[in-house]
Amino acid sequence: MAAAAGASCVGGIRFAGGRPIKPLFSHGPIPGYRMILCVILASFLMFADQRMSWMEDVRAHISTVVAPVQWIVSLPARGLSLASLVLSDQTRLVNENRQLRERLLTLSQRVQRMASLSEENTRLRELLKATPRQEIPWITAGLLTLDNDPFLQQMIIDRGQQSGVYSGQPVVDSAGLAGQIISVSRYSSRVLLITDASHSVPVQINRNGLRFIARGAGQPNRLTLDNVPNNTDVREGDLLVTSGLTGRFPEGYPVARVSHIVRNAGTPFASVEVQPIAQLDRSRNFLLLFTHDSLKPTRHRLSQEAVDAALQVARPVRQEARQ
Amino acid sequence: MRGYSVIIPLSFLFALMLQVMPLPEAWLLWRPNWTALVLIYWCIITPYRVGVFHGFLIGMLIDLLQGTPLGENALLYATIAFLTLLLYQRMRIYALWRQAMLVTIVLALMQLFEQWLRAILLSSPLHLEFVYAALLGGILWPWLFTLMQIVRRRFASF
Chain V
13 MAAAAGASCV
23 GGIRFAGGRP
33 IKPLFSHGPI
43 PGYRMILCVI
53 LASFLMFADQ
63 RMSWMEDVRA
73 HISTVVAPVQ
83 WIVSLPARGL
93 SLASLVLSDQ
103 TRLVNENRQL
113 RERLLTLSQR
123 VQRMASLSEE
133 NTRLRELLKA
143 TPRQEIPWIT
153 AGLLTLDNDP
163 FLQQMIIDRG
173 QQSGVYSGQP
183 VVDSAGLAGQ
193 IISVSRYSSR
203 VLLITDASHS
213 VPVQINRNGL
223 RFIARGAGQP
233 NRLTLDNVPN
243 NTDVREGDLL
253 VTSGLTGRFP
263 EGYPVARVSH
273 IVRNAGTPFA
283 SVEVQPIAQL
293 DRSRNFLLLF
303 THDSLKPTRH
313 RLSQEAVDAA
323 LQVARPVRQE
333 ARQ
Chain C
42 MRGYSVIIPL
52 SFLFALMLQV
62 MPLPEAWLLW
72 RPNWTALVLI
82 YWCIITPYRV
92 GVFHGFLIGM
102 LIDLLQGTPL
112 GENALLYATI
122 AFLTLLLYQR
132 MRIYALWRQA
142 MLVTIVLALM
152 QLFEQWLRAI
162 LLSSPLHLEF
172 VYAALLGGIL
182 WPWLFTLMQI
192 VRRRFASF
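Here the protein sequences line up with chains V and C, keeping their order.
Counting in our numbering, the first sequence runs from 13 upward without gaps.
Counting in our numbering, the second sequence runs from 42 upward without gaps.
All clues given are correct.
Cβ-Cβ distance ranges computed for the label pairs, FRET-style:
#1 C:167 x V:257: 28 to 38 Å
#2 V:221 x C:157: 39 to 49 Å
#3 C:98 x V:119: 45 to 55 Å
#4 V:233 x C:176: 24 to 34 Å
#5 C:183 x V:91: 29 to 39 Å
What the hints contain is simulated information worked out from the structure, not anything from laboratory work.
By construction, the Cβ of each residue, glycine as well, lies at the ideal position given by its N, Cα and C atoms.
Use the sequences and the hints to build the structure in full.
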C-alpha cells in the first residue's frame, strides 16, 4: 500500500495535454521499504537474542553505550542520600553511631560463637567422612537502578565484566537470596529477582528437609511453592533455604518464609504462598557469590594423616601374613 | 536548519532518562511512554529528519536499558514512527485535543503490540492495564506538544 502511494506521488495527476500538475497537498516520505527492512532486522534480532548464545557477548558490548544514561538516572538518589547525610544533625549521627556500635558488639559476639561452631561443624563432618564445605568468595555490589517495567522483576547493579561477574551468578543481600545475574555488560549487570515470574529456585524446608521449587509470582513480595501435596508437613512460618541441588545456588541460604497455606480438598496439591526474606524492595547493597569454582565436583584428595593411619592399620596385618 | 542536530538527540536523551527513572511500584503502570511521545512529536514536525530508522535506534537503546529481548522495542518504535509518518499531515492541522486522541490510539496500539510480542517471546500472560499509560500519555500530549514547540522555536530555526 505504501509503495503504491509513493508511486502516485511521484507520478502526480496528468491531464490530456500530458503536462504534470504539481499536487497541492504533497505527502511527505512514506518509508514503506524502510519499515519492511526494520521489521526484518528486528525479527532477526529477536530470534537471535532468544536462540543464539553469541548474542550475549554482542549485547554485553552494546550495553556499554547506555551505561551513561543509567548512571545519570541513578544520580538523584545518590544526591539525596548524600544531602541527607550532610544535612542530618549531630545528635542523630551520634545516635546512629551508638546503635551501630551496639550492633557491632552483638554481631562480634555472635561471630565468636560462629567460629567455635564452624570448627565443631568441620570436626563433626570429618567424623562423618563428609566433604568439607568451602568458603565461597564474594564481592559487594550496589544497586544502580530498579527495572521500571511493571511486568518484570529485575534490577541493575554496578558490577560488570570488569569485576568478573558472570551470567548465572547468585546474588544475596544481608538477609537472604535475592536473585541471579542474567546478563553482564562491562560496568553493570542485570539481576533477575527471585520474585520474577520466569524465575524458580530449588528450596528445602529448614525444619524437616522437604524439597520444593519456589517460583516467582511476578509480584514484588510473593513466591509460590509448586506441587506441594495436601498432606505434606508444611506449616506457616517455616523457613525455606536453598537446597543447592541445581548447582547454581549454594546450599543453605535463606530464601523465603511460608506465609499462607490453602489446602484444597478437591485438588491433589495445596497452594502455598511464601514471602521472600531478602528485602528486595529496600536493600541497596548486595553480595555476588562466586560459586562456579566451588560447586564443581572436586576430586576427593585423601589427607596425609588418614593415609598414614590406614597404613598403620594395614601394615601389621601384612607383617602377620608374612610371618 | 541550525540547531536541529543538537536539539533532537538532546530531547531523546532526556526522554530516555525519564523513561528509565525509578518510580514507586504503584505508579509504574501509569508512567507515560515519554520516548514514544517525543518520537511522535519529531515525526510530526520534521518528517524529513526523523523517521523509521531513528525509531528503530531509539527502540534498541530502550531494549538495552530495560533488558527486553533485543529488537522488541526497536520494532515497536519503528512502527510508531511509521504510523505517525502516515498520519502527520492530519496531525498538523488538528486541534490539540484531537491530536491527543490520535496519539492515545497510536500509543495504545503500540502497547497492544508489545503485549503480543511478550506473549510470543516470553510467553507471559496478557495484561490489559497497559491502557493506563497510553491514556496518561494522551492527556499529557497537549502540554508536551506546547512545551516542545517553545523549545524548538527557541533553539532551532528553519
